[in-house]
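*Asks:* Residue numbers (my numbering), protein chains in the order written: chain A, 322 to 551; chain B, 322 to 551.
Since the hints were made in silico from the structure, they are not lab data.
Mixed in with the good hints, there may be bad ones.
Since the list gives no way to pick out one identical chain from another, each pair is judged satisfied if it fits inside one copy or across any two copies.
With a cut-off of at most 27 Å between alpha-carbon atoms, the simulated DSS-like pairs for lysine-lysine come out as follows [unchecked claim]:
#	residue 1	residue 2
1	373	517
2	461	323
3	355	551
4	370	535
5	517	323
6	515	547
7	515	479
8	461	479
9	541	517
There are 2 protein chains.
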Amino acid sequence: MKVTLSFEESISRDVSIMIDVLRASTTITTALDKFNQIIPCFTPEDAFKLKKETGGVIAGERKGAKVEGFDIGNSPNAILNFKSDSKILILTTSNGTRILENMNSQVLIGCLNNAEAVAEASIKLAKDHIDLVMAGVWGKFAIEDYLAAGEIIHQISKKCSDCEIDEYAKSAILASRNPNLVRDAFFDSTSGHKLKNLGYENDISYALCQNSTKNVGLYKGNSINKIKFK
Amino acid sequence: MKVTLSFEESISRDVSIMIDVLRASTTITTALDKFNQIIPCFTPEDAFKLKKETGGVIAGERKGAKVEGFDIGNSPNAILNFKSDSKILILTTSNGTRILENMNSQVLIGCLNNAEAVAEASIKLAKDHIDLVMAGVWGKFAIEDYLAAGEIIHQISKKCSDCEIDEYAKSAILASRNPNLVRDAFFDSTSGHKLKNLGYENDISYALCQNSTKNVGLYKGNSINKIKFK
Numbered sequence: 322m323k324v325t326l327s328f329e330e331s332i333s334r335d336v337s338i339m340i341d342v343l344r345a346s347t348t349i350t351t352a353l354d355k356f357n358q359i360i361p362c363f364t365p366e367d368a369f370k371l372k373k374e375t376g377g378v379i380a381g382e383r384k385g386a387k388v389e390g391f392d393i394g395n396s397p398n399a400i401l402n403f404k405s406d407s408k409i410l411i412l413t414t415s416n417g418t419r420i421l422e423n424m425n426s427q428v429l430i431g432c433l434n435n436a437e438a439v440a441e442a443s444i445k446l447a448k449d450h451i452d453l454v455m456a457g458v459w460g461k462f463a464i465e466d467y468l469a470a471g472e473i474i475h476q477i478s479k480k481c482s483d484c485e486i487d488e489y490a491k492s493a494i495l496a497s498r499n500p501n502l503v504r505d506a507f508f509d510s511t512s513g514h515k516l517k518n519l520g521y522e523n524d525i526s527y528a529l530c531q532n533s534t535k536n537v538g539l540y541k542g543n544s545i546n547k548i549k550f551k
Numbered sequence: 322m323k324v325t326l327s328f329e330e331s332i333s334r335d336v337s338i339m340i341d342v343l344r345a346s347t348t349i350t351t352a353l354d355k356f357n358q359i360i361p362c363f364t365p366e367d368a369f370k371l372k373k374e375t376g377g378v379i380a381g382e383r384k385g386a387k388v389e390g391f392d393i394g395n396s397p398n399a400i401l402n403f404k405s406d407s408k409i410l411i412l413t414t415s416n417g418t419r420i421l422e423n424m425n426s427q428v429l430i431g432c433l434n435n436a437e438a439v440a441e442a443s444i445k446l447a448k449d450h451i452d453l454v455m456a457g458v459w460g461k462f463a464i465e466d467y468l469a470a471g472e473i474i475h476q477i478s479k480k481c482s483d484c485e486i487d488e489y490a491k492s493a494i495l496a497s498r499n500p501n502l503v504r505d506a507f508f509d510s511t512s513g514h515k516l517k518n519l520g521y522e523n524d525i526s527y528a529l530c531q532n533s534t535k536n537v538g539l540y541k542g543n544s545i546n547k548i549k550f551k
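With the rest of the complex left out, here is chain A (with noise of 0.2 Å):
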């Protein structure tokens, strides 16, 4: 089995982790909690389309703060506290789920929180190519999503004895084995520095609990949903 590391595309057509830890592959990995689909879109009005034909609740951001009459945020910690009977999110965010679109794989929903959940997942469901990617900031390199994605592959490595894993892929391990280092790099990075501008510094320490949920959602015919291995 490969195992890869890419930016913004994927270079697999077998199975991809998606990983965009501040915030949305972290909020879709807590909404699996209370939902039981999470119908990503691309524009605030696609939301309030999809809202009045599913009942759904929406949650989203643009440049990190919340879209005006969306129900929440694209906060986890929003997620956890809000109450509702609907069993549907519509969320939309300025680049997590951009990049889903582009996807010609299975695709997994990855972050610190699953790292090891979705490690597993990844190698039950693959044939021969894990591609981890990186949705970045608008094109730019994120140290978050690199450190994130560092974890899941060491995971990997942990659990696949044959997996061979490239060497860009075997960097980020390295890079995500202090963890001191890894929090100082996650509240110092550009997305860290807009989220705690914005009020949401308790999102990036929720973003940083290693293994706290078994969920791991997989995007399939617009949707994502949890994920269950028979």
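Given the coordinates of chain A, assemble chain B onto it according to the supplied hints.
*Replies:* Frame of chain A, contents of chain B only:
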């Protein structure tokens, strides 16, 4: 001062640090102990021609092995043990010398052996932008170049409090912090395996010695000389 990390091509018109740690930049840095001038060239034919013109020693490799008819291979240990009165070294390697050709900035030669010294020299020389350029292996990311870059950027960050280090460059610092993991990654890299198979294992150990020299090569007018500050 901006500090960035690039692959194969420099994005700075100010100062670049070329890193091809297994082995061109390590060999060049060591050769500055014995030779006043190192002339990189791009084909064995050019090397033979330059030897006739200058009386220099010719060193180099293709696919890691010494080129037939050359005085020595691209090996820092071979350079150390080579006896010659010539003060000129002509060097051709697969990758490192090739990428020097396209640089539009002042180019320093960086490796782990001179990490602190090249960091210091780059800060003294640069006006606004230091770009570390990983040579890689024929268009592919090479983990040893990334890790050596990380150590040099770490040294820059210690000496330059107002340097703005971009997130990709910062990720290399994190990856380079654990000496045991760095060592394993060098030996387990594509280049490392190739060198072991060719009997050059001692060149890998040699390349791992941090800050063993103050030599810093500056590439200017098609030759490399030891940089000296007044």
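*Asks:* Now tell me, hint by hint, if it's right for this structure.
*Replies:* Taking the hints in turn, this is what the structure says about them:
{"no.": "1", "hint": "373 x 517", "result": "neither (33 Å within a copy, 64 Å between copies)"}
{"no.": "2", "hint": "461 x 323", "result": "both (25 Å within a copy, 16 Å between copies)"}
{"no.": "3", "hint": "355 x 551", "result": "within (22 Å within a copy, 67 Å between copies)"}
{"no.": "4", "hint": "370 x 535", "result": "neither (31 Å within a copy, 65 Å between copies)"}
{"no.": "5", "hint": "517 x 323", "result": "between (37 Å within a copy, 24 Å between copies)"}
{"no.": "6", "hint": "515 x 547", "result": "neither (29 Å within a copy, 44 Å between copies)"}
{"no.": "7", "hint": "515 x 479", "result": "between (34 Å within a copy, 26 Å between copies)"}
{"no.": "8", "hint": "461 x 479", "result": "between (30 Å within a copy, 25 Å between copies)"}
{"no.": "9", "hint": "541 x 517", "result": "neither (33 Å within a copy, 46 Å between copies)"}
Of the hints listed earlier, those the structure fails to meet are numbers 1, 4, 6 and 9, in rising order.
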